[in-house]
Amino acid sequence: LIYRMLLDFFFFLGRRHVQTRLVEPRASSLNSGDCFLLLTPQFCFLWVGEFANVIEKAKASELAALIQTKRELGCRAPYIQTIEEGINTHTHAAKEFWKLLGGQTSYQAVGTPEEDEMYEAAIIETNCIYRLVDDKLIPDDDHWGKMPKCTLLNSKEVLVFDFGSEVYVWHGKEVTLAQRKVAFQLAKHLWNGTFDYANCDINPLDPGECNPLIPRKGQGRPDWAIFGRLTEHNET
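For the sequence shown, counting from 1, position 189 maps to 189 in the numbering used here; every step adds exactly one.
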């Protein structure tokens, strides 16, 4: 169960462990060195930056295919429309892509390989993971600021993953209905509460520093962010 607006914009960046992150759906979020996936109920657009590496391209194509074939995240597009920067950027599909992003404007040029690695490490450090203990969400110190692993998941537990622009409540199949309700309410409180990335190298709500109106410290998430509830064996 996902609560969000009907326009999702993901980008893929990295060299060792490609990061997939939800970003603001606007043209200035684009980068010539990365891949982006724009989803609506009718469309599935894969935008490939001219200088994106093969790992980013493979990861983006894999996720696009998964979402389109399984109709995840509310996307019912009959096929994936790929737009390659500098090659087919003036097609009908490209015009629709730019329209959804509010019009074609300037965006960021490609960064250096070193910047990719720095970003990869910095964005992972903003990951926040909580466990439901009694009636409280307790930070998981062993996995805080690290890349989540499947070994975290336990049929008897509830976890909350806060990635800045995405917050997910996950619960195992043996968790009681009462525990699920408590976790959901606590996660909504986290979602609507304050966030503070002032001491982080990257703001996960604006990783490319494209929008000065998105603060590093504030309250509530942007309207394009995702709040999701996932159950064991039914993960998106």
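Source of the hints: derived by calculation from the structure; they are not laboratory data.
All values reported here derive from a predicted model rather than from experimental measurement.
Backbone N, C-alpha and C define an ideal beta-carbon position, used for all residues, glycine too.
Hints may be right or wrong, so weigh each one.
With beta-carbon atoms standing in for the labels, derived distance ranges [what the hints assert, rightly or not]:
1. 153 with 114: 18 to 24 Å
2. 223 with 189: 43 to 49 Å
3. 50 with 146: 40 to 46 Å
4. 65 with 209: 15 to 21 Å
5. 102 with 173: 26 to 32 Å
Here are the simulated lysine to any residue pairs, SDA-like style, with alpha carbons at most 20 Å apart [stated by the list, open to error]:
6. 146 with 16
7. 217 with 166
8. 217 with 144
9. 146 with 181
10. 181 with 112
11. 156 with 172
12. 57 with 112
13. 149 with 16
14. 156 with 138
15. 156 with 173
16. 188 with 149
17. 188 with 223
18. 99 with 228
19. 156 with 181
20. 70 with 82
21. 181 with 217
22. 149 with 15
23. 136 with 217
24. 173 with 198
25. 57 with 102
26. 57 with 99
27. 173 with 112
28. 136 with 178
29. 136 with 94
30. 136 with 175
31. 217 with 149
32. 136 with 99
33. 99 with 40
34. 181 with 138
35. 99 with 89
Hints versus structure:
no.	hint	in the structure
1	153 with 114: 18 to 24 Å	34 Å, violated
2	223 with 189: 43 to 49 Å	18 Å, violated
3	50 with 146: 40 to 46 Å	32 Å, violated
4	65 with 209: 15 to 21 Å	31 Å, violated
5	102 with 173: 26 to 32 Å	42 Å, violated
6	146 with 16	14 Å, holds
7	217 with 166	16 Å, holds
8	217 with 144	19 Å, holds
9	146 with 181	27 Å, violated
10	181 with 112	46 Å, violated
11	156 with 172	5 Å, holds
12	57 with 112	17 Å, holds
13	149 with 16	16 Å, holds
14	156 with 138	16 Å, holds
15	156 with 173	7 Å, holds
16	188 with 149	23 Å, violated
17	188 with 223	14 Å, holds
18	99 with 228	27 Å, violated
19	156 with 181	15 Å, holds
20	70 with 82	18 Å, holds
21	181 with 217	28 Å, violated
22	149 with 15	18 Å, holds
23	136 with 217	23 Å, violated
24	173 with 198	37 Å, violated
25	57 with 102	24 Å, violated
26	57 with 99	23 Å, violated
27	173 with 112	44 Å, violated
28	136 with 178	13 Å, holds
29	136 with 94	47 Å, violated
30	136 with 175	15 Å, holds
31	217 with 149	28 Å, violated
32	136 with 99	43 Å, violated
33	99 with 40	12 Å, holds
34	181 with 138	16 Å, holds
35	99 with 89	13 Å, holds
Consistency with the previously given hints fails for numbers 1, 2, 3, 4, 5, 9, 10, 16, 18, 21, 23, 24, 25, 26, 27, 29, 31 and 32, ordered from lowest to highest.
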